[in-house]
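2 protein chains.
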Amino acid sequence: MSEAPKDIEDLVALMARLPGLGPRSARRAVLKLIKKRALLLIPLADAMQAVAATARECLTCGNIGTTDECDICTSSKRANGELCIVEDVADLWAMERAGIFKGRYHVLGGTLSALDDVGPDELRIPQLTRRVQEEGVTEVILALNATIDGQTTAHYIADQLDPMGLTVTSLAQGVPIGGELDYLDDGTISAALRARKAL
Amino acid sequence: MSEAPKDIEDLVALMARLPGLGPRSARRAVLKLIKKRALLLIPLADAMQAVAATARECLTCGNIGTTDECDICTSSKRANGELCIVEDVADLWAMERAGIFKGRYHVLGGTLSALDDVGPDELRIPQLTRRVQEEGVTEVILALNATIDGQTTAHYIADQLDPMGLTVTSLAQGVPIGGELDYLDDGTISAALRARKAL
Ligand SMILES: [Zn+2]
Ligand SMILES: [Zn+2]
Numbered sequence: 476m477s478e479a480p481k482d483i484e485d486l487v488a489l490m491a492r493l494p495g496l497g498p499r500s501a502r503r504a505v506l507k508l509i510k511k512r513a514l515l516l517i518p519l520a521d522a523m524q525a526v527a528a529t530a531r532e533c534l535t536c537g538n539i540g541t542t543d544e545c546d547i548c549t550s551s552k553r554a555n556g557e558l559c560i561v562e563d564v565a566d567l568w569a570m571e572r573a574g575i576f577k578g579r580y581h582v583l584g585g586t587l588s589a590l591d592d593v594g595p596d597e598l599r600i601p602q603l604t605r606r607v608q609e610e611g612v613t614e615v616i617l618a619l620n621a622t623i624d625g626q627t628t629a630h631y632i633a634d635q636l637d638p639m640g641l642t643v644t645s646l647a648q649g650v651p652i653g654g655e656l657d658y659l660d661d662g663t664i665s666a667a668l669r670a671r672k673a674l
Numbered sequence: 476m477s478e479a480p481k482d483i484e485d486l487v488a489l490m491a492r493l494p495g496l497g498p499r500s501a502r503r504a505v506l507k508l509i510k511k512r513a514l515l516l517i518p519l520a521d522a523m524q525a526v527a528a529t530a531r532e533c534l535t536c537g538n539i540g541t542t543d544e545c546d547i548c549t550s551s552k553r554a555n556g557e558l559c560i561v562e563d564v565a566d567l568w569a570m571e572r573a574g575i576f577k578g579r580y581h582v583l584g585g586t587l588s589a590l591d592d593v594g595p596d597e598l599r600i601p602q603l604t605r606r607v608q609e610e611g612v613t614e615v616i617l618a619l620n621a622t623i624d625g626q627t628t629a630h631y632i633a634d635q636l637d638p639m640g641l642t643v644t645s646l647a648q649g650v651p652i653g654g655e656l657d658y659l660d661d662g663t664i665s666a667a668l669r670a671r672k673a674l
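Line order of the protein sequences matches chains A and B. To convert, take the position in the first sequence, counting from 1, and add 475; that gives my numbering. To convert, take the position in the second sequence, counting from 1, and add 475; that gives my numbering.
Any given hint could turn out to be false.
Each pair may be met inside one copy or between any two copies, as identical chains are not told apart.
What the hints assert, rightly or not - Heads up, simulated SDA-like pairs for lysine to any residue below, C-alpha to C-alpha not over 20 Å straight-line: (1) Lys577 x Thr642; (2) Lys552 x Asn620; (3) Lys510 x Ala527; (4) Lys481 x Arg572; (5) Lys510 x Arg599; (6) Lys507 x Gly497; (7) Lys510 x Asp591; (8) Lys511 x Asp521; (9) Lys507 x Asp485.
These are calculated hints, taken from the structure and not from any lab test. Here the structure is a predicted model, which is why all the values come from computation and not from measurement.
Please construct the entire structure, taking both the sequences and the accompanying hints into account.
Take a look at the structure:
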C-alpha cells in the first residue's frame with residue numbers, strides 16, 4: 476500500500492480487519508469514504524466515536540446496550556419466566572427481529588470448543604444457573620446454532636439445568652443442519668420457536 | 476434494527492453503505508468493533524477523522540493525496556513523457572503495486588456510459604488534452620477495464636488524441652500470468668486468441 480499517503484494506508488489496514496472485508500474491498504471502501512466525505516466519512520467517524528463512548532455489555536445477560544443493565548433485562552414485561560440462550564449478540568438481534576419471543580436472553584459469548592480451548596468458565600455459563608434461580612425462570616430455550624459446537628454446548632447446558640426442575644427446550648424445526656441463526660429469515664426463526672421441543 | 480440502541484443502529488446503517496458490506500455483515504462488523512473497542516473501534520474512528528482532515532484529490536491527475544498536487548505529479552522523475560489513463564484511484568494503486576510503470580497518471584473518475592448518462596464532461600477528459608500538450612506527453616497508455624464501457628471510453632479518448640500526433644497504446648489483453656484456461660471467461664480466451672503472437 477506504499478502507493479497511498481500514510482493516513483489512508485492506516486485506514487485501509489484497519490478496515491481490512493473487519494469481517495467481510497479483505498484488502499481489496501477495504502481499499503474500495505476507503506475510496507468511497509473519501510469521495511463521500513461529508514455524507515459518509517465524517518458521519519461514520521462520528522457514529523464510531525458515539526458508540527465507543529456509550530456501548531457496553533449488559534452485566535446480566537451480555538446484550539449490548541448503553542447502560543449497565545440492558546432494556547430487555549430492566550423491562551418487567553419481559554420477565555415471563557422464559558429465558559432464551561444465544562451464542563452472541565447478533566443472534567439476539569436476529570431473535571428480536573423475528574419479534575415472536577417475549578422473554579429474556581442470556582448471551583453465552585461463544586460455544587464450548589475443545590479445539591479452541593473454550594470451557595464453561597470462558598462463556599457466560601456460571602452466571603446462567605444463578606440467573607435461573609434468582610429470576611424464577613420456568614423455561615430455558617436453547618437457541619444455539621445447529622453446528623457441532625453449538626449442539627455440544629446445548630447438551631452441556633441442558634445437563635447443568637437438569638437437576639433444577641424446569642423445562643428445557645431448543646429451537647428445532649426449521650433450523651437447517653449447519654445453519655446459523657443470523658442467516659435465517661424471520662419466518663424460519665418464528666416457525667422454529669413455535670415448534671420448539673423438550674430435550 | 477430496533478433491537479439495538481440508536482447509536483449502534485446508526486453505525487450499522489452507515490457501515491451497510493460501504494461496498495462489500497450488506498446489513499448482515501455490517502452488524503457483524505459493528506459487534507466486532509464494540510468487542511475490540513480500544514484496539515479497533517477507537518483507532519478506526521481516529522483514522523477516519525485523520526483522512527477526512529487531510530485527503531484530497533490531486534488537481535492535476537485526480538489521484539488521492541494530502542496536497543493540491545500529488546507526489547507523482549510533483550516528482551520530476553515521473554515526467555518521462557508517458558501518461559497512463561485509469562478509470563479510478565483503485566486502478567492507479569493497482570498499477571503502482573505492480574511497480575513497473577514509471578510515468579504519470581490521469582484518473583478519469585469513471586467511464587463514459589450512455590445508460591448512466593455519463594459524458595466526457597462528467598469525467599476528467601477535457602483536462603486530458605490540455606495536460607498532453609502542456610506536459611510534453613509522448614505516449615498515452617490506456618489502462619481501462621476490459622468492459623464494454625471501459626473499451627468505449629478508450630476508443631473515444633484515442634479518437635480525441637488522434638490529431639495530436641502521439642503514440643496511444645493500451646494494456647494487452649490475454650491470459651493472466653499463472654492463469655488456467657479452464658478458469659477464464661470466454662471473452663478473455665477469445666481476446667487472447669485474437670491477440671496471439673508468433674513465438
Ligand atoms: Zn440484559
Ligand atoms: Zn497527481
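### Message
Reference check for the pair Lys507 and Asp485, CA-CA at most 20 Å: within, between, both, or neither?
### Response
The answer is both: 16 Å in one copy and 18 Å across copies each meet 20 Å.
### Query
Given identical chains, is Lys552 near Asn620, meaning Cα to Cα at most 20 Å, within a copy, between copies, both, or neither?
neither (27 Å within a copy, 58 Å between copies)
### Message
Within, between, both or neither: how does the pair Lys510, Asp591 come out at a Cα-Cα threshold of 20 Å?
### Response
between (41 Å within a copy, 18 Å between copies)
### Message
Cα distance capped at 20 Å. Does Lys577 pair with Thr642 within a copy, between copies, both, or neither?
### Response
Within one copy, since 17 Å is at most 20 Å while 72 Å is not.
### Query
For Lys511 vs Asp521, is the C-alpha pair at or below 20 Å within one copy, between two copies, both, or neither?
This pair counts as both: shortest intra-copy Cα distance 14 Å, inter-copy 17 Å.
### Task
Pop the pair Lys507 and Gly497 into one bin, within, between, both or neither, using alpha-carbon distances up to 20 Å.
both (15 Å within a copy, 15 Å between copies)
### Query
How would you classify Lys510 and Ala527 at a CA-CA limit of 20 Å: within, between, both, or neither?
Between copies only: 10 Å across, 25 Å inside.
### Query
At most 20 Å between C-alpha atoms: does Lys481 with Arg572 qualify within a copy, between copies, both, or neither?
Intra 41 Å, inter 15 Å, cutoff 20 Å: inter-copy only.
### Message
If the cut is 20 Å between Cα atoms, do Lys510 and Arg599 qualify within a copy, between copies, both or neither?
### Response
The answer is between: 15 Å across copies meets 20 Å, while 43 Å in one copy does not.
When held up to the earlier numbered hints, the structure conflicts with hint 2 and nothing else.
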